[in-house]
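As you go down the protein sequences, you meet chains R and L in turn. Take 1 as the starting number for the first sequence in my numbering and just add one per residue. Take 411 as the starting number for the second sequence in my numbering and just add one per residue.
It cannot be assumed that every hint is accurate.
[Stated by the list, open to error] Simulated crosslink set (BS3-like; lysine-lysine; CA at most 25 Å straight-line):
1. Lys62/R x Lys578/L
2. Lys537/L x Lys128/R
3. Lys493/L x Lys125/R
4. Lys537/L x Lys46/R
5. Lys493/L x Lys128/R
6. Lys355/R x Lys70/R
[Said to hold, decoys possible] Some chain L residues judged to face chain R by a derived CB distance under 7 Å, without partners named:
7. Leu504
8. Asn506
9. Met585
It is worth saying that the hints were derived from the structure and are not from the lab. The beta-carbon is built from N, C-alpha and C at its ideal position, and this holds for glycine as well.
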Amino acid sequence: MNIDKKFAAIAAACSMAFATCAVAQAPAPAAAPPAWKQGMSEDQAKSPLHPFAPHLTGRPAKELPLDKLKVPAGFKVEVWADGVPEARSMALGDKGTVFVSNRNLSNVYAIVDKGASREVKTILKGMKAPNGVAFDKGTLYVAERHRITRYDGIEDKLDNPGEGKVVIDNLDPTNQPGHFWKFLAVGPDGKLYFNIGSPQNITMPTYNEAAIMRVDPKTGDLENFAQGVRNTVGIAFHPVTKAVWFTDHGRDWLGHDMPSDELNVATRKGEHFGFPYCHQGDFLDPVYGKNRSCSEFKPPVLKLGAHIAPLGLRFYTGSMFPASYKNTMLIAQHGSWNRDPKQGYNVVHVSVDAKGVAKSEPFLDGFLENDKGDPPMWGRPVDVLQLKDGSVLVSDDFNGIIYRVSYAKK
Amino acid sequence: MTGSLTRSTRAAVAAKAAAAALCLVLGAGHASAADPEPAKSQACTACHGPGGRSSDPGVPSLAGQPKQFIETQLVMFREGNRKNAAMSPFAAGLTNAELRELAGYFSAQSPAPPGRTVTAEVVATAKRLTELNNCTSCHGPALLGQQHIPRLAGQQAEYLRVQLRGFKASTRFDMDGQMTSAAQALTAGDIDLLADYLASLGGP
């Protein structure tokens, strides 16, 4: 009897007569696999593939092969700030402060531009996976794994931000490993949009998991906005149509080339994007896809690549870059671990034509050194943020560095 | 005040350089030129042994551990995520630069030969446990560690036992939950076997 069947039998017995089951000593179960190994097939059990962890102290920019970075003709890339350990998501304050989050570490940083240099302040400490940061009308919102808090008037009190006010709590009742970190974005409706990821690689989510949620910070009212989203770590609103665009990470352990990670668009509340039944819009899951059809779900606008890990997604609205960039997307791709050879570790420029056909081209490349290496890269892009002058910042959590990409007409 | 501090710092640097030169001449130093022994390492070696080669069963060896692993653990002690009566106060005062320097130094030291031998029967059973419980898929086929994942080969047995018991009880800090999850299936007997077996493993 295999272990799954044994569990199913025990579970069935429990549901029928839990009192008996509680007394009976079931044999000790085998270890539940780590969240990232869940869903492996038996012949993958010895796979050497594994996720990569960041250098939690950060690494000084002078120790890195920055000359390997490539941007399109006319663009320039430089280090904007280093010493920002595990720099993850970014948000821009009205007065120019750049707020930067952590996932494994527990800080939120504020970076103040002093012209020739940048001052990095640690403004919040001791938070639980505070991956989501968003700024709106003077307020910094921070999404930890279990709650969202607000810091009003933050730019006037960076040295003493005080206690945050809770917008919503109890978002993580199980406190398990899995996709517990949250991306946070403020919508044109003033509501806060964030993900609650799939608790495992591939399991049946509950109603409020594998979803994009939104909460009204004025009332605390929580809604389920989109379902079937395994884990998005990048949400942005189209500057003109206001549609909700987001990246989504496909499941692991279905091979080096399947399924593709996704770029999606939601045009109304209540759409379902397929997880765990259908991946990449046209590929039924071998377990959960039985008796389902991909036509039940909204397909992605673009397949970005298998395991490429698209994270931060932003629309470009500035005037520094060429006109062809206006209202198009920049997407940071953290890079694959669950495939061989590796791919991603870059920022891509994605534009969508009048017929809705999307195309992707390289924007910032050069972090991937050896696609067979372990690790294969020396840096990992996480998020993209447009500054007031129209230049764009890119965060790198592997090194704790923020790069700036600018354009000068030749 | 500043002037005298600078002078005394210079004197200390000069003394250290002279000591380092002497070590090189005598062939007694293990540190490579790339990773000179940091001043704060003396606080480490007092417990972890010379060059981070521990002879105390309860104190882990640092020699030959991956640099990123040492950095990560020191950060976690400093941030208060991982707690230990000896380590927490020490790590609390370290800057990122000091911490990187210490990690670079100890990762460059060659580990001591394993301090324990076990029977062929223990080897056979424990080796199978490391495969069944996915130890080798992260810690590597020879359990030498990689990146942020520690070397287990030749580690002190009592230290390994305490960590594994802590993971099983969900009381040991765990950055991503993987070890807590992996330790759930281990019995007390498995933990003893694994600790003795891992402590007996050699490697480069």
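For this session: Please work out if Lys537/L and Lys46/R have their alpha carbons no farther apart than 25 Å.
Result: Between Lys537/L and Lys46/R the Cα gap is close to 14 Å, so the pair holds against 25 Å.
Exercise. Holds or violated: Met585/L as interface residue toward chain R, Cβ cutoff 7 Å?
Worked result: 6 Å, holds
Problem set entry | Given pair status - Lys70/R, Lys355/R, alpha carbons within 25 Å | 30 Å, violated
Exercise. When you check the alpha-carbon spacing of Lys493/L and Lys125/R, does it fall within 25 Å?
Worked result: Answer holds: Lys493/L to Lys125/R is near 17 Å, not above 25 Å.
Problem set entry | Restraint status (C-alpha distance of Lys537/L to Lys128/R at most 25 Å) | 37 Å, violated
Exercise. Are Lys62/R and Lys578/L close enough, with their CA atoms no more than 25 Å apart?
Worked result: Cα-Cα ~41 Å, so violated.
Exercise. Straight-line Cα separation of Lys493/L and Lys128/R no greater than 25 Å?
Worked result: 17 Å, holds
For this session: Please verify that hint: Asn506/L, Cβ, nearest Cβ of chain R, below 7 Å or not.
Result: The hint holds - Asn506/L has a Cβ within 7 Å of chain R, the shortest such distance being about 4 Å.
Exercise. Taking 7 Å as the limit, does the beta-carbon of Leu504/L come near enough to a beta-carbon in chain R?
Worked result: 10 Å, violated
Hint compliance for this structure: hints 1, 2, 6 and 7 are not met, and every other hint is.
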